[in-house]
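Going down the list, the protein sequences come from chains C and H. For the first sequence, the positions run -19 to 501 when the working numbering is used. For the second sequence, the positions run 38 to 216 when the working numbering is used.
No lab work stands behind these hints: they were computed from the structure. Fair warning: this is a prediction, and the values are worked out from it, not measured in the lab. By construction, the Cβ of each residue, glycine as well, lies at the ideal position given by its N, Cα and C atoms. There's no promise every hint is true.
Unchecked claim - Ranges between beta-carbon positions, derived for each pair:
(1) Glu121/H x Ser48/C: 38 to 44 Å
(2) Pro180/H x Glu500/C: 55 to 61 Å
(3) Thr92/H x Gly129/C: 54 to 60 Å
(4) Thr72/H x Thr(-18)/C: 53 to 59 Å
(5) Thr92/H x Arg263/C: 29 to 35 Å
(6) Gly157/H x His385/C: 43 to 49 Å
(7) Pro170/C x Asp113/H: 56 to 62 Å
(8) Ala124/H x Glu164/C: 42 to 48 Å
(9) Ala260/C x Gly157/H: 28 to 34 Å
(10) Ala161/H x Arg263/C: 29 to 35 Å
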Amino acid sequence: MTAFDHDDEVVVIVGSGAGGGTLAHELTTRGIRVVLIEAGAHIRLEEHVNDEWEAFGQMAWTDPRTTSGSWRIARDFPNLPAWLVKAVGGTTTHWAGATPRFLEHELRARSTYGSIEGATLLDWPLTLAELAPYYDRAEIALGSSHRHGRPAMAANNNYKVLANGAARVGYNFYATGPYGTNSEPYDGRPGTIQDGFNFQGDRSGAKWSTLVREIPRAEATGNLDLRPDCQVVQITHDARGRADAVIYLDADDNLHRQRARVVAVAGNSIETPRLLLLSASSRFPDGLANSSGHVGRHYMRHTTGSVYAQFEHPVHQYRGETMAGIIADEARHDPDRGFAGGYYLETLALGPAFLAAFAEPGSWGPDFTSILDGYVNTAGLWIVGEDMPQETNRVTLNGTVTDAHGLPVANVHFDDHPNDVAMREHGYGQAELLYDAVGSTSAHRTPPYPSTHNLGTSRMSAKPEDGVTNAFGRAHDVPNLFVSDGSVFTTGGAANPTLTIVALAMRQADHIVDLFSRHEL
Amino acid sequence: MTSLSTEEAPRRFLESDRAHVLLVRVIRIAFPHDTLPVSAYERTADSLLNLAVQTNRMTLAVANGLDSLGSLPQGDFLGLPDDEAFAHLKSIERTEFFTFVRGNTVLTLYNLPEVWAALGYEGASVEKGGYLTRGFDDLNWLPDPRVEEYSGELTRVEQGPLPYPVKASRRTEADEVTL
Chain C
-19 MTAFDHDDEV VVIVGSGAGG GTLAHELTTR GIRVVLIEAG AHIRLEEHVN
31 DEWEAFGQMA WTDPRTTSGS WRIARDFPNL PAWLVKAVGG TTTHWAGATP
81 RFLEHELRAR STYGSIEGAT LLDWPLTLAE LAPYYDRAEI ALGSSHRHGR
131 PAMAANNNYK VLANGAARVG YNFYATGPYG TNSEPYDGRP GTIQDGFNFQ
181 GDRSGAKWST LVREIPRAEA TGNLDLRPDC QVVQITHDAR GRADAVIYLD
231 ADDNLHRQRA RVVAVAGNSI ETPRLLLLSA SSRFPDGLAN SSGHVGRHYM
281 RHTTGSVYAQ FEHPVHQYRG ETMAGIIADE ARHDPDRGFA GGYYLETLAL
331 GPAFLAAFAE PGSWGPDFTS ILDGYVNTAG LWIVGEDMPQ ETNRVTLNGT
381 VTDAHGLPVA NVHFDDHPND VAMREHGYGQ AELLYDAVGS TSAHRTPPYP
431 STHNLGTSRM SAKPEDGVTN AFGRAHDVPN LFVSDGSVFT TGGAANPTLT
481 IVALAMRQAD HIVDLFSRHE L
Chain H
38 MTSLSTEEAP RRFLESDRAH VLLVRVIRIA FPHDTLPVSA YERTADSLLN
88 LAVQTNRMTL AVANGLDSLG SLPQGDFLGL PDDEAFAHLK SIERTEFFTF
138 VRGNTVLTLY NLPEVWAALG YEGASVEKGG YLTRGFDDLN WLPDPRVEEY
188 SGELTRVEQG PLPYPVKASR RTEADEVTL
């Protein structure tokens, strides 16, 4: 194992998920020394548990957070705004696998949708053409099905219901992917054995994650010093205002200082702004890289919802790949539907333990138990669509609640925008029609889960006053500070974000290598 | 609780058979399933009582909540018909006692392997080679759908209405939606 000295001037990456793990791989394989600091433990594949609650306890970020706002999460799960992972590999150990790309106009949301009251829409400072080669590389890395010669995933039972329903209501653009899990052996990893439990850490290794691909390959270069169970709590800077080190806590609560040539923050869209805000100094009194005031703002979590429909015959939704079923016909901008932006419909399956917890939080009695009684005959899908960025949907430091280390926790404030609500209602309606078309006997509208797609809190912008980073995720205020996760999304698009996070991290890595070679960093 | 007037009375009450029997009935009325074995409800009640005695706050809330079920205006909760028992629980659903029972039953009852079996859920499969040869695609009441992406003459629409008919739900007007 490589170990760099605390005084070595290395690239420090905070967080080892889709963004941080990819960036570490890209840099170390090109000879750059990286210290990758991960708050969570290094859980090996064989240590993952195919049990919903046990795995949740093992993997999820359960450190306290608080919530406010009108979203239902603040009532049902006030201390669990997001369902993210705290472990090596980050939330890629938990992601389901869908890999759609952003559409061209989704990167120009402000220009395309126009001014929407209450929304802080902004065009991305980059185009789909600039991103496309990195999407190709990301799809090849993830082994996305249906792409670059990778075969389609097989149809599981839940998909059979979804796809037949889709066809009967008139949809055309449905398939079992693109999906970032091996349908057959690829890239040194096995094909899927259709064992489900995508959210619990994949024991077989068929599912892409930075835990199985980027991190071991980065370690093999000898240029990676991976430090699990260490949480970065501050980024410091020198007299010129350039980041010079990170301060982190080890598992025993001891503080360490790691010198840094470059700092890249990839803690997901709640911890990333929290860290920047915790790094306020006399030079940056409102938080590091926050002269614009945008750090923590425009928090997005996708417009989501689920429908669980019951049939007269068995489905066994839990068997097989959880999200290998995607309908794209509604992922378009068509204001005639009553809202801007679009959404995908994707298969989703929960076991009885999670279905009971999330199907209708707070509910009990026969209406509730009937959802569980029909479990075997139930098919499920997830609505995932673009939500509107809003200035007041925001991650801030809680002034009174502290974590186990005595540090202020993040508060996540979220109010649904009317556009989000209209889109969700439309999605529920289409899902019910779809299931009705294949004979459903009942359908239940499940509200959004704790957020799995957390975006926008350090957004990219062409102008420094409009956001936190430039088109490469480089902080407008601090030239050797980068943000490398979904926080940089200027708007959310409808696509599941992992593929785009990976593509952006690859693009950022090329940029950092280029800056190094030109001695500009 | 007048019969147990020591300083540990609430905790001792929660360890009594009476408390256990009352709680089992509360859970069965609140979470009725024809298919679940009684043992699942009993194990859930045991778990909840063990959890309650760990803090004074929940000891007080649960002991008081259960004890008061014995002296309802309509009689002992154990003797009420199911519909009256349900109506009573509905009337107390906002209490700390019932919130505790509801929330922890959801987390406990549906996490029992015997409940999974009763609901038809097979759980982990990785040690058995997954569901690849154990029915992941055995649904036969619908035709096998296409798994590849669409490759016909239509182009995917990214902006504007679809040029092909899709059954659509009624458009929701802004003033009808509920948060």
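Exercise for the section: Any hints from earlier that this structure breaks? Give me their numbers in increasing order, please. Expected result: 5, 8, 9 and 10
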